[in-house]
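> These protein sequence lines map, in sequence, to chains A and B.
This note's numbering puts the first sequence at residues 1 to 812.
This note's numbering puts the second sequence at residues 1 to 812.
Please note: incorrect hints may appear among the correct ones.
Identical copies go unnamed one by one, so any copy, or any two together, can satisfy a pair.
[Stated by the list, open to error] Simulated crosslink set (BS3-like; lysine-lysine; CA at most 30 angstroms straight-line):
no. : residue 1 : residue 2
1   : 645       : 297
2   : 186       : 304
3   : 744       : 297
4   : 744       : 716
5   : 108       : 715
6   : 645       : 716
7   : 680       : 715
8   : 645       : 744
9   : 300       : 645
10  : 645       : 342
11  : 300       : 181
12  : 645       : 771
13  : 414       : 225
14  : 420       : 254
15  : 300       : 465
16  : 342       : 304
17  : 254       : 716
18  : 254       : 300
19  : 645       : 656
20  : 645       : 181
21  : 108       : 181
22  : 656       : 225
23  : 254       : 784
24  : 465       : 225
25  : 297       : 465
26  : 414       : 186
27  : 645       : 304
28  : 300       : 771
What the hints contain is simulated information worked out from the structure, not anything from laboratory work.
Number of protein chains: 2
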Amino acid sequence: MGLEALAMDQKGYRRGSFQSSTSDEDMLEIAGASVDLSMADDDPPLDREMGGFSTYNGGGMNGKSTMMDFLEEPLPGVGTYEDFNTIDWVREKSRDRDRHREITNRSKESTWALLHSVSDAFSGWLLMLFIGLLAGSLAGLIDISAHWMTDLKEGVCLAGFWFNHEHCCWKSNTTFTDRDKCPEWKSWSQLILGYGEGAFAYILNYFMYVVWALMFSLLAVLLVKGFAPYACGSGIPEIKTILSGFIIRGYLGKWTLVIKTITLVLAVSSGLSLGKEGPLVHVACCCGNILCHLFTKYRKNEAKRREVLSAAAAAGVSVAFGAPIGGVLFSLEEVSYYFPLKTLWRSFFAALVAAFTLRSINPFGNSRLVLFYVEFHMPWHLLELVPFILLGIFGGLWGAFFIRSNIAWCRRRKTTRLGKYPVLEVFVVTAITAILAFPNEYTRMSTSELISELFNDCGILDSSKLCEYVNDFNSTKGDDLPDRAAGPGVYTAMWQLALALIMKVFITIFTFGMKVPSGLFIPSMAVGAIAGRLLGVAVEQLAFYHHDWAIFSGWCSQGADCITPGLYAMVGAAACLGGVTRMTVSLVVIMFELTGGLEYIVPLMAAAMTSKWVADAIGREGIYDAHIRLNGYPFLEAKEEFSHKTRAMDVMRPRKNDPPLTVITQDSMTVEDVETIVTKTTYSGYPVVVSRASQRLVGFVLRRDLIISIENARKKQDGIVSTSIICFTDYCPPLPPSSPSVLKLRSILDLSPFTVTDETPMEIVVDIFRKLGLRQCLVTHNGKLLGIITKKDVLKHIAQMANQDPESILFN
Amino acid sequence: MGLEALAMDQKGYRRGSFQSSTSDEDMLEIAGASVDLSMADDDPPLDREMGGFSTYNGGGMNGKSTMMDFLEEPLPGVGTYEDFNTIDWVREKSRDRDRHREITNRSKESTWALLHSVSDAFSGWLLMLFIGLLAGSLAGLIDISAHWMTDLKEGVCLAGFWFNHEHCCWKSNTTFTDRDKCPEWKSWSQLILGYGEGAFAYILNYFMYVVWALMFSLLAVLLVKGFAPYACGSGIPEIKTILSGFIIRGYLGKWTLVIKTITLVLAVSSGLSLGKEGPLVHVACCCGNILCHLFTKYRKNEAKRREVLSAAAAAGVSVAFGAPIGGVLFSLEEVSYYFPLKTLWRSFFAALVAAFTLRSINPFGNSRLVLFYVEFHMPWHLLELVPFILLGIFGGLWGAFFIRSNIAWCRRRKTTRLGKYPVLEVFVVTAITAILAFPNEYTRMSTSELISELFNDCGILDSSKLCEYVNDFNSTKGDDLPDRAAGPGVYTAMWQLALALIMKVFITIFTFGMKVPSGLFIPSMAVGAIAGRLLGVAVEQLAFYHHDWAIFSGWCSQGADCITPGLYAMVGAAACLGGVTRMTVSLVVIMFELTGGLEYIVPLMAAAMTSKWVADAIGREGIYDAHIRLNGYPFLEAKEEFSHKTRAMDVMRPRKNDPPLTVITQDSMTVEDVETIVTKTTYSGYPVVVSRASQRLVGFVLRRDLIISIENARKKQDGIVSTSIICFTDYCPPLPPSSPSVLKLRSILDLSPFTVTDETPMEIVVDIFRKLGLRQCLVTHNGKLLGIITKKDVLKHIAQMANQDPESILFN
């Protein structure tokens with residue numbers, strides 16, 4: 001089942017709409033075959049569940065004593081959800097509380113039960129430990145493989161083909177002048193032709209570079225297409241949706257994990273303009289989901305499992321950047337939906353374990369935890385806030401531009417024939433990227449290396465082109481270099497960087513959303529870092545040549561070191577990342593963890609804030625939210641306030657001219673009546689009322705439970721025939737002796753459905769749905785049942801109010 | 001109105017109980033005079049509010065169109081709350097949304113309105129800036145004054161009496177050998193007797209030390225008692241309660257701010273075993289509250305104001321420790337109740353501004369932001385986790401012991417005559433502290449200096465006693481000192497530290513809760529740091545003398561530097577602070593910001609986790625929660641799960657044998673009937689039903705609105721007499737022509753009260769109250785109104801289920 005099935009081809013799919021009052025004809029086309037998911041949802045596999053009465057009291061509020069029965073003897077399939085459905089948070093949390101209560105009560109009975117209770121309490125921590133270890137190890141593996149394969153595009157190590165360029169030269173015994181040019185490392189032309197210089201050698205290297213890139217990316221897209229369609233993209237929009245309570249089976253499964261890990265390495269190595277940070281979050285969440293199966297507590301409860309996934313997301317960011325605190329805040333701010341304090345603490349633990357596992361593996365060979373370690377020495381001046389804010393504006397503009405263009409391109413991919421040829425698309429984009437990238441050394445190197453180099457502050461011994469300043473050793477004191485005139489190397493680098501910037505800006509738009517694992521963090525940061533470095537060098541040169549200007553007087557005298565271009569690169573990176581993702585605190589904290597100094601938080605924050613404001617002024621949504629909306633996931637955004645003045649009666653079904661709500665009466669319908677209702681409608685549940693005339697609400701009953709119970713009673717209970725009265729009350733009314741026996745179904749009735757009055761403002765209804773995680777809510781007027789609002793209705797209404805077509809938003 | 005009035009003397013006070021079904025006879029004794037707060041609550045000052053109909057739709061859900069009326073023409077007093085009442089979060093948030101909607105709609109009309117809309121959007125940021133600046137400045141002022149006054153107890157500077165010891169010696173032009181012994185600084189004996197050595201000089205210095213300490217603390221307690229009784233204590237329990245929605249007028253007022261700032265300096269300088277960190281949070285919250293008055297948006301809305309206070313709390317911790325990220329997480333984890341993401345970002349901004357303001361003031365004279373800056377060089381070994389976990393256990397035991405003893409002592413203070421003599425109590429405790437403290441140099445110095453010294457890793461040039469090791473310069477390489485044998489200085493220091501530990505452990509129990517500002521962070525950290533340093537030195541000596549033992553082999557050979565006693569002190573401090581406050585992530589992050597290295601997070605985390613588990617096993621509550629419960633604040637804990645199997649019907653009023661619920665019918669009661677109900681009962685609101693017979697719920701009306709409306713109608717509306725029918729419906733039933741005119745009161749009816757069914761499990765009801773911030777909730781059965789549950793009922797029920805006497809818990 002492919003993401004394209006979910007996102008591209010089908011007309012719609014069943015989501016949170018636990019019950020709706022319109023007949024659901026939505027069909028989900030999966031891998032070319034049309035499957036009616038509403039059938040899958042509404043018609044339970046009866047043969048599986050004939051074992052007894054289903055005592056599951058789904059729907060609104062519950063957790064009553066009847067719950068305990070099936071805790072003791074769980075029926076297969078009861079309490080689980082179908083694919084593409086929304087979970088009921090209230091019910092899941094109730095179930096967990098029941099389970100916990102049960103264990104606590106038993107723990108007083110025997111020592112063994114006490115031990116069980118203790119182990120249950122610690123299982124969460126153990127799970128976090130495992131997730132941290134696994135996520136850290138996988139991240140290490142990915143880092144090492146990607147590093148090696150990236151270098152493979154340029155050459156091979158004679159001392160052992162499994163060494164990357166850097167390792168190869170470490171292993172070298174011979175002396176060599178240039179840091180990276182050891183004799184053991186052979187470029188492809190050296191290996192094949194025997195020499196590395198000259199036009200032909202260059203062309204050969206160029207050719208090999210493009211060929212390897214194409215090989216890697218084709219392998220990646222074929223693996224994704226063939227084995228795990230969910231492995232493509234960054235995964236963060238889908239994880240946000242899953243954490244909000246949606247179910248996408250297999251999205252966090254073992255196949256996705258395996259394929260995503262492999263294809264991520266391939267995609268990164270192919271030199272495409274993508275990063276591994278977002279996909280690493282997906283990989284970590286897969287680890288979390290798979291490891292949940294070790295513990296019943298988490299395997300069987302969708303709400304508890306989501307707590308684990310939140311923590312896993314934190315571990316993912318933690319290993320992606322080496323920033324455990326930033327990871328936790330990212331999970332809190334960006335990804336998670338329900339984030340209790342207990343999860344905060346556990347996420348932190350998982351993030352730390354993951355970070356330290358990664359450090360023990362030491363993939364960068366420098367004992368550093370962080371991806372881009374930087375150390376700046378110079379404080380910044382208040383006036384520098386002006387260029388920092390300019391970078392913020394650039395970041396915001398770039399973010400808004402990127403989101404618009406990328407969404408437009410993805411929409412085109414979905415709606416035109418373009419989407420039918422994902423392999424060809426990847427081939428073309430890779431070819432263009434590789435061909436454009438090779439001639440420019442700043443695009444030829446891997447993007448994270450590029451960012452590292454841009455962040456770097458030039459020391460005395462730096463040999464890179466970016467540090468080719470005109471040296472004046474007379475004024476040098478110690479390691480602190482004063483501002484100097486740029487040499488020819490710097491000017492060349494500036495041109496190359498400007499070209500690299502243009503290329504990255506455009507190619508990233510087409511890359512993000514292809515059928516390979518692709519993260520956005522690194523390309524966004526690269527764009528910002530290039531812009532920042534360019535601006536930084538410009539300001540530096542301005543200050544060097546014009547230190548007598550009024551704006552420089554007092555803080556930037558001749559021969560002083562006032563401007564750090566690396567800091568500008570870092571600020572630019574933060575601004576662009578902020579513009580694209582609209583992260584705020586987590587972004588600044590991740591950057592803070594990279595530099596390790598509180599000193600630079602203010603510039604970072606100024607840029608991030610400006611960037612967010614500018615981007616928000618152009619378009620409210622971050623890239624992840626935009627993709628959620630593009631794909632029509634049923635995500636009830638917790639950040640945005642619903643600010644319209646509609647009321648519950650405007651949203652509820654039935655609408656004015658619709659037929660009245662289908663209800664079941666508590667003690668006057670026969671088995672046949674109910675069976676007719678169930679057959680004629682496709683709703684997932686029905687309100688139960690005192691009588692049709694009074695419409696006073698008694699409770700809510702699920703279609704699934706109703707069918708199972710009647711089916712079972714007809715088979716096993718004597719005297720239940722079509723004319724038997726179904727009775728949902730405690731004491732059924734006396735019947736004439738000749739009538740058939742009564743079918744008592746109180747046990748399947750949810751006696752505490754959520755209700756609101758018809759006059760309730762929608763802003764409050766939205767708040768209730770969001771905070772309590774409801775699936776549906778009944779609407780009453782003066783105590784009489786009027787209608788029902790499902791999560792689907794709420795989402796449709798929000799889309800409608802935002803002037804978006806509700807149908808195209810939710811079912812595309 | 002004193003905190004003692006709130007916490008000690010009275011039998012009870014009216015809290016969140018917006019309506020209860022028992023007659024409230026609770027009296028609040030304030031400053032000796034008995035005031036019936038329920039009267040103050042239930043009988044609005046009518047003369048103030050006669051101007052028109054109150055269109056305020058308080059109670060459950062609202063935010064309807066009628067809301068807009070009073071937005072345009074606010075009536076005095078409407079929409080505000082009485083003292084010691086709980087706010088209705090739903091209503092406040094609705095009101096803010098209405099206000100926001102209004103401004104947004106208007107912004108399209110004119111440029112000025114657009115500017116107003118923009119300035120409204122930015123006012124939150126501006127407010128944060130002001131809070132940061134003010135909190136940072138105050139913290140700087142407090143730091144500088146406390147430093148100076150602490151030194152004043154020992155002597156005075158001849159170069160200028162306003163210099164503290166350290167500054168005095170910086171100003172000195174003469175050369176002197178010992179770091180701190182410059183000729184300009186005169187101890188009291190030097191000043192008075194002319195010499196500083198000898199028994200008599202020692203006794204004189206001792207005497208002056210005690211006298212100054214007594215003077216400071218007496219001044220502090222008298223100021224607190226005389227001017228701002230709310231200024232005592234740490235303030236964090238009360239701030240938690242306020243943030244959860246309770247109103248304590250004046251607790252965050254300007255008098256509290258002024259007096260708390262002054263007395264905090266006095267209390268810290270007096271040498272009592274207390275810290276300034278908790279009170280700084282209170283000071284910052286006062287700043288936040290006062291600055292809210294600058295902006296209508298925050299002044300008039302209790303929910304928005306609480307968002308600001310959350311951010312202010314973050315700024316407070318930020319300046320207390322120089323840890324902005326830790327501050328935000330502290331606010332999130334420990335203090336705040338409602339913490340939307342927008343607040344997270346703003347808190348961070350406020351915390352940063354505050355931290356940088358403090359750094360610009362530079363109170364420690366070392367350009368460091370943090371209170372205890374430490375830099376360790378040596379990595380730790382995995383085996384060292386054993387002593388770290390031991391420190392965690394110690395921290396947990398100390399935390400649990402401290403909480404129990406302190407609560408027992410505070411209870412005794414409240415219930416016996418002890419509480420009547422706060423000044424005497426402070427006098428005695430200060431005298432004992434000062435007398436015991438002077439002879440021991442580790443208790444004589446200020447607690448934060450002590451902690452600094454304990455955290456410090458001994459360098460080559462360190463002259464303190466703690467660093468008097470037997471030097472072996474042959475094995476020294478650079479600045480890294482190997483483990484060495486302890487010299488006599490270390491042994492003396494060990495004994496003194498052990499004595500200091502015992503003293504601190506006991507004196508802190510009696511100090512926290514006295515009528516002076518007193519924080520707990522520093523004393524707790526001191527206890528832990530001493531214990532940690534003792535253990536650290538012990539392990540170090542063990543490793544030095546027994547490096548051939550199996551446990552040391554492989555990582556601690558002879559002459560290696562394996563053990564850093566300062567790290568043990570830091571881990572111990574974290575463990576003890578964790579045991580007392582039960583902070584987790586914020587604690588680790590604060591400690592991380594102090595050291596600035598991810599390296600030591602794992603030891604800190606291991607200790608904090610162990611400490612929390614050990615302390616939780618002995619008693620669930622942290623010190624702040626324990627004080628909240630002791631003082632009977634209506635705080636609905638968001639962290640604890642309610643895990644009992646009771647249902648709404650078990651909690652609601654009326655109970656089984658009570659008289660039925662007082663209701664008003666929608667169109668059949670006369671003005672006289674309603675006035676009788678209002679006179680005979682004291683409830684704050686009444687449900688409105690279709691008819692007494694059907695009991696079908698229509699809405700909820702507030703007593704306050706009812707009285708105002710009737711009063712107003714009788715005066716201004718023709719034909720309204722006692723026999724007039726009151727009608728809450730849209731269309732009133734036709735009456736015979738002879739009858740008096742009908743009083744239409746639909747506008748004051750809340751048409752969307754929250755309801756649950758009687759079968760709803762209490763765990764879900766508690767969840768709803770917590771997440772939505774309700775004040776009351778109506779209970780129905782089959783659409784008929786059965787009863788009501790107020791926040792008070794919920795709190796009482798939780799106390800009852802936890803085997804605590806509900807009355808003594810909530811009204812003491």
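> If a hint holds in the structure, say so; if it does not, say that too.
Hints and how they fare:
1. 645 - 297: between (42 angstroms within a copy, 20 angstroms between copies)
2. 186 - 304: neither (52 angstroms within a copy, 65 angstroms between copies)
3. 744 - 297: neither (32 angstroms within a copy, 56 angstroms between copies)
4. 744 - 716: within (14 angstroms within a copy, 59 angstroms between copies)
5. 108 - 715: neither (41 angstroms within a copy, 67 angstroms between copies)
6. 645 - 716: neither (53 angstroms within a copy, 32 angstroms between copies)
7. 680 - 715: Within. Shortest intra-copy distance 22 angstroms satisfies the 30 angstroms Cα cut-off; inter-copy 60 angstroms does not.
8. 645 - 744: This pair counts as between: shortest inter-copy Cα distance 24 angstroms, intra-copy 43 angstroms.
9. 300 - 645: between (40 angstroms within a copy, 21 angstroms between copies)
10. 645 - 342: For residue 645 and residue 342, only the inter-copy Cα distance (23 angstroms) is at most 30 angstroms; the intra-copy one is 36 angstroms.
11. 300 - 181: Classified as neither: same-chain Cα gap 56 angstroms, cross-chain 69 angstroms, threshold 30 angstroms.
12. 645 - 771: both (20 angstroms within a copy, 22 angstroms between copies)
13. 414 - 225: Intra 16 angstroms, inter 72 angstroms, cutoff 30 angstroms: intra-copy only.
14. 420 - 254: Answer is within: at 26 angstroms inside a copy they meet the 30 angstroms cutoff, but 68 angstroms across does not.
15. 300 - 465: neither (57 angstroms within a copy, 59 angstroms between copies)
16. 342 - 304: For residue 342 and residue 304, both the intra-copy (11 angstroms) and inter-copy (26 angstroms) Cα distances are at most 30 angstroms.
17. 254 - 716: neither (41 angstroms within a copy, 75 angstroms between copies)
18. 254 - 300: within (18 angstroms within a copy, 54 angstroms between copies)
19. 645 - 656: within (19 angstroms within a copy, 41 angstroms between copies)
20. 645 - 181: neither (69 angstroms within a copy, 72 angstroms between copies)
21. 108 - 181: Cα proximity of residue 108 and residue 181: none, with 70 angstroms in one copy and 65 angstroms across.
22. 656 - 225: neither (47 angstroms within a copy, 66 angstroms between copies)
23. 254 - 784: Intra 49 angstroms, inter 51 angstroms, cutoff 30 angstroms: neither.
24. 465 - 225: Classified as neither: same-chain Cα gap 41 angstroms, cross-chain 70 angstroms, threshold 30 angstroms.
25. 297 - 465: Classified as neither: same-chain Cα gap 57 angstroms, cross-chain 54 angstroms, threshold 30 angstroms.
26. 414 - 186: Cα proximity of residue 414 and residue 186: none, with 44 angstroms in one copy and 82 angstroms across.
27. 645 - 304: between (35 angstroms within a copy, 20 angstroms between copies)
28. 300 - 771: both (22 angstroms within a copy, 25 angstroms between copies)
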